[in-house]
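Novice: So the chains spell out like this:
2 protein chains.
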Amino acid sequence: MWPDRRLLDLFKIDLPIFQAPMAGAMDTELAIAAAKAGALCALPCAMLSPEKAREQVNIVRQQVSAPVSMNFFAHTPTVPEPTKVAAWRERLAPYYKELQLDPAMPLPSAARAPFDAAMCEVVEDVRPEVVSFHFGLPEASLLRRVKDAGCVVIASATIVKEAVWLAERGVDAVIAQGAESGGHRSMFLTDDIATQPGTFALVPQMADAVRVPVIAAGGIADGRGIAAAFALGAAGVQIGTAFLRTPESKVNAIIRSSLAKGDDGSTAITNVMTGRAARGIVNRAMRELGPVTAEGPGFPHASAAFGPLKAAAEKTGSSDFTNLWAGQAVALGRELPAEELVRALAEDALRRLRALSA
Amino acid sequence: MWPDRRLLDLFKIDLPIFQAPMAGAMDTELAIAAAKAGALCALPCAMLSPEKAREQVNIVRQQVSAPVSMNFFAHTPTVPEPTKVAAWRERLAPYYKELQLDPAMPLPSAARAPFDAAMCEVVEDVRPEVVSFHFGLPEASLLRRVKDAGCVVIASATIVKEAVWLAERGVDAVIAQGAESGGHRSMFLTDDIATQPGTFALVPQMADAVRVPVIAAGGIADGRGIAAAFALGAAGVQIGTAFLRTPESKVNAIIRSSLAKGDDGSTAITNVMTGRAARGIVNRAMRELGPVTAEGPGFPHASAAFGPLKAAAEKTGSSDFTNLWAGQAVALGRELPAEELVRALAEDALRRLRALSA
Chain A
11 MWPDRRLLDL
21 FKIDLPIFQA
31 PMAGAMDTEL
41 AIAAAKAGAL
51 CALPCAMLSP
61 EKAREQVNIV
71 RQQVSAPVSM
81 NFFAHTPTVP
91 EPTKVAAWRE
101 RLAPYYKELQ
111 LDPAMPLPSA
121 ARAPFDAAMC
131 EVVEDVRPEV
141 VSFHFGLPEA
151 SLLRRVKDAG
161 CVVIASATIV
171 KEAVWLAERG
181 VDAVIAQGAE
191 SGGHRSMFLT
201 DDIATQPGTF
211 ALVPQMADAV
221 RVPVIAAGGI
231 ADGRGIAAAF
241 ALGAAGVQIG
251 TAFLRTPESK
261 VNAIIRSSLA
271 KGDDGSTAIT
281 NVMTGRAARG
291 IVNRAMRELG
301 PVTAEGPGFP
311 HASAAFGPLK
321 AAAEKTGSSD
331 FTNLWAGQAV
341 ALGRELPAEE
351 LVRALAEDAL
361 RRLRALSA
Chain B
11 MWPDRRLLDL
21 FKIDLPIFQA
31 PMAGAMDTEL
41 AIAAAKAGAL
51 CALPCAMLSP
61 EKAREQVNIV
71 RQQVSAPVSM
81 NFFAHTPTVP
91 EPTKVAAWRE
101 RLAPYYKELQ
111 LDPAMPLPSA
121 ARAPFDAAMC
131 EVVEDVRPEV
141 VSFHFGLPEA
151 SLLRRVKDAG
161 CVVIASATIV
171 KEAVWLAERG
181 VDAVIAQGAE
191 SGGHRSMFLT
201 DDIATQPGTF
211 ALVPQMADAV
221 RVPVIAAGGI
231 ADGRGIAAAF
241 ALGAAGVQIG
251 TAFLRTPESK
261 VNAIIRSSLA
271 KGDDGSTAIT
281 NVMTGRAARG
291 IVNRAMRELG
301 PVTAEGPGFP
311 HASAAFGPLK
321 AAAEKTGSSD
331 FTNLWAGQAV
341 ALGRELPAEE
351 LVRALAEDAL
361 RRLRALSA
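In the order they appear, the protein sequences are chains A and B.
Here the working numbering runs 10 ahead of the position in the first sequence, where the first position is 1.
Here the working numbering runs 10 ahead of the position in the second sequence, where the first position is 1.
For the record, the hints were derived by calculation from the structure and aren't laboratory data.
All values derive from a computational prediction rather than experimental measurement.
Accuracy of the hints is not assured; some may be wrong.
No distinction is drawn between identical chains; accordingly, a pair holds when it is met within one copy or between any pair of copies.
Claimed, not checked - As a list, the in silico SDA-like pairs of lysine to any residue whose alpha-carbon atoms are at most 25 Å apart:
no., residue 1, residue 2
1, 94, 349
2, 62, 267
3, 171, 204
4, 22, 270
5, 260, 179
6, 325, 219
7, 171, 255
8, 157, 203
9, 325, 155
Using the sequences and the hints given, assemble the complete structure.
Specialist: Given below as structure tokens:
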């Protein structure tokens, strides 16, 4: 049926489709639906406490008998430089005034913690079948513990060099995150947004460079994309944006409305919103401050000052300061229940694969 | 054999492979080799005089009995603003001094003329089987004359909106120029480089939006890419960068050396070198002046001041100021004779297509 069975065997799943972990945009409901249809489900844990992460794994397992993957960030945390924070707040002050907010109001710190010992204990305890990392890998001792817990480990690479680096450190599969993909880019050996390769160029070059299976991500939203990923040498796909318009996604009405209007030229890679490169539908902040800027206090600190702006703007129905994370195939998204969507994706892909050699 | 025969029938060719016109990097020799293997060959005419363009068509026809395509630019020419030219020369003056050149030396004007009445007469006279346009279409009366001469007309689009615009004006097929592709981007309804979609996202959305066949371009350099293009809904592919390392290409030794060293993260889209967006291996000028700049006197005038720098730097073996146009799959290029390369591409693609549903 499928041209490459490596991922099905490695992850013990029915379909070579990975539901992408999307921190802030989903929780257990989407994961459960994806798992029920036979995809590998993922729980984004980067914005969760260890207790919450443990709880979510348990909820999924109560609902469906299927492998679960937990996703973590593996960035090196930085302390924000006060001068840069002040300059960034100054830069955003006109927006605060426009929205009748106090530009000096106290801000909660941005919460995106990297994988650490506390999370590692949860992993060792709940033993998810799969652990995936973004922005590189945690330190060797933590990675060792994850592997010793019996978890299959995968991680995202945006250039071939990153995939080779990951494979050398023992990951079981690499995600080729093409430039089309929505949300944060996993870049960790490069910070050059301008040279990030697209899915079409990246997948075959990555497949040539590493022995582990390559999972294609970026621009994949229907059966055509899944078939094309296999053609390029991928053993499966990771799909995110296509799930954002399902009823199970947790994005709000303002984001849903933006997603419904998005087209092939609506998104850009920006570092304005959080301090790291991420693709989203161009909002006012990206347009007026970027989409790429050398200012800002870095990841994730740049995002803190957008909190009050986002909340105030959204009250008036505006997405000016909202993260509208989405990939370049946002317009191929469908308003289907996620379980139904996964089944449709798989059926379309198999039909497409058959048609290609008919 | 091929999953979609529309282009084979429309262009009366054996293979759904279009050799990309690459102005400045090729002439009749590459076109002849590509045509002999069964691809649609293309002569880039944007930097040729009408007499020279006519001569090249005749040379190809003497060597091979196959359809010929002539490629033209369709940009709106601009007169360079003297203040912008002066500022640009000032910006480049330190490089002139470094290379012991006079920053005020007279420069020949940059020669990239759009399709005009004189070229149209050549077309009406030699009647190439195909005419392709970049940067939009010529004015309606000229386009009418090209169609009345019996030429099949194709043109490149970088976003779905451009493809729809082209289809409404009667083109017979559209080239979906994904962001991965090397050389100048055909952008004509947008000037926003940051939102340009990659091949993987662009092709299916374009195929959904227009009734004419879609030719995929960008990141395609082997049989995997050709098979993937069909999977995404394309009826064929246009391939450029993969031909640059063939003996028939006319790029010099410095460019060849850069191409041989290029990898998936070596290229960026820049407007520094010519005033229009184009993808190439990052050279010193792109790195230090861009890769994207709001300065410069526009296309093609920005390129004039690089002429002396390029010549002087190349004498020392440096590609600091050389256009290293190439796509993101540059590393998949092979040093094969072009005819052999086309045959290998087709065989690999058919093998790949068969394997996908085995």
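Novice: Next step is simple, just say for each hint if it's right about the structure.
Specialist: Here's how the hints hold up against the structure:
1. 94 - 349: Neither: 45 Å inside a chain and 57 Å across chains, both beyond 25 Å.
2. 62 - 267: Intra 29 Å, inter 54 Å, cutoff 25 Å: neither.
3. 171 - 204: This pair counts as both: shortest intra-copy Cα distance 16 Å, inter-copy 23 Å.
4. 22 - 270: neither (34 Å within a copy, 41 Å between copies)
5. 260 - 179: neither (34 Å within a copy, 42 Å between copies)
6. 325 - 219: neither (49 Å within a copy, 35 Å between copies)
7. 171 - 255: between (33 Å within a copy, 23 Å between copies)
8. 157 - 203: Classified as neither; 31 Å inside a copy, 42 Å across copies.
9. 325 - 155: Neither. Shortest intra-copy (45 Å) and inter-copy (56 Å) distances fail the 25 Å Cα cut-off.
In the structure shown, a violation is registered for the earlier hints numbered 1, 2, 4, 5, 6, 8, 9, in ascending order.
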